[in-house]
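Undergrad: Top to bottom, those sequences are chains A and B.
Going by my numbering, the first sequence opens with residue 1, and the numbers climb by one from there.
Going by my numbering, the second sequence opens with residue 1, and the numbers climb by one from there.
Just so you know, these hints were derived from the structure itself, not from any lab.
Warning: the hint list may mix true and false statements.
Derived BS3-like pairs (lysine-lysine); straight-line CA-CA distance at most 30 Å [said to hold, decoys possible]:
#1 B:32 / A:35
#2 A:35 / B:190
#3 B:32 / B:190
#4 B:32 / B:208
#5 B:208 / B:190
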Amino acid sequence: MTNATVHMEGQLHAPAHGAVATAAVHAKGQQHPIKLYLVVWGWLFVLSTCSYLVDYFGLHGYTRWSLILLFMVLKAGLIVAVFMHMAWERLALAYAILLPPVAVLVFVAIMVLESEYTHLLRVLFFAAPS
Amino acid sequence: MAVLTNPGQSPARLEGWRGIAADWASDQRTFKNVSWGKAMMWIFLLSDTFIFSCFLLSYMTARMSTTVPWPNPSEVFALNLAGRHIPLILIAIMTFILISSSGTMAMAVNFGYRRDRVRTAALMLATAAFGATFVGMQAFEWTKLIMEGVRPWGNPWGAPQFGASFFMITGFHGTHVTIGVIFLIAIARKVLRGDFDVERRGFFTSRKGYYEIVEIMGLYWHFVDLVWVFIFAFFYLW
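Start from the sequences and build out the full structure, keeping to the hints where you can.
TA: Structural data, given as structure tokens:
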């Protein structure tokens, strides 16, 4: 029944019974227990506090960067998976949305090389002698 | 074939990789159990991801390639509260406010699907209030930095690109939050009026309204929070 409704939704003049079923599909939606949201909310607070403490205690170097990235990825994952309901969507949607941003990482790699090159040129030819 | 011969019945949907192949290859709509509104919001958010990625990338490139020391954000965004000098405290409070707003938004979506009109609208308005507070604190932050002499072309502490990156990234994010607040208030008004209980048609689109719009609105709001997670990590903490 739901499948039929989904197909009919795309048509301009859906039969009357189709319209009724459409409402039923819309009413179903993403429903999860409130407790789950509260737990995730709590974790987001904990993780944010952790990332703030990284700065508060003045950690440096690779410890700082890896901790920042770790807390960032965990927070982003919780928000996308639970708050945005991506964990319950069909894989066709999840991959269509989540895979393209991976290309950004390639862009990051390109720009890291580029900025190191620029930095090298500036040090060699433009930096004021110290 | 069952779909063609008997429109009332269709085979159970496949899961996993076979499901992906079937969904994309079916010569029908790809996103099977997602309405066009939700799919379009996701695709818009994907495009917005690329915009914010480009901002953060240009900031990374500027910071990595400059020979002048980058201003220390921990010091720049420190505040004197109750006689104590606390690093980055304003940004930490802003982060907690935005996370709280995401929590209330998630609850609003939940109550929306339960057709609890009043609670949904109240939680959405709470979300909007958190968002407005966030923008207010950002205005305070901008004012403070401008008074201290930060400009897009220079600042008193180091690399001149700091100002340009700061105003561009936080400004664009703040604009998103502001638009979100307006969007929230508009939808909350519709919820409170009972538009989605009687499936009243929109004045502009003439389409029927459903409680799903609360979830679509929620996607946008959580995305704004998500972007802040990355800005907080890369611009303020790095």
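Undergrad: Mind checking the alpha carbons of residue 32 of chain B and residue 190 of chain B for me, to see if they're no more than 30 Å apart?
TA: 27 Å, holds
Undergrad: If you draw a straight line from the CA of residue 35 of chain A to the CA of residue 190 of chain B, is it 30 Å or shorter?
TA: 27 Å, holds
Undergrad: So if I understand the rule, the pair passes when the alpha-carbon distance is 30 Å or less; does residue 32 of chain B with residue 35 of chain A pass?
TA: Holds - the C-alpha atoms of residue 35 of chain A and residue 32 of chain B are around 28 Å apart, at most 30 Å.
Undergrad: Straight-line Cα separation of residue 32 of chain B and residue 208 of chain B no greater than 30 Å?
TA: Given pair residue 32 of chain B, residue 208 of chain B holds - Cα atoms ~20 Å apart, limit 30 Å.
Undergrad: Is residue 208 of chain B within 30 Å of residue 190 of chain B, Cα to Cα?
TA: 12 Å, holds
Comparing the model with each earlier hint shows no violations; every hint is respected.
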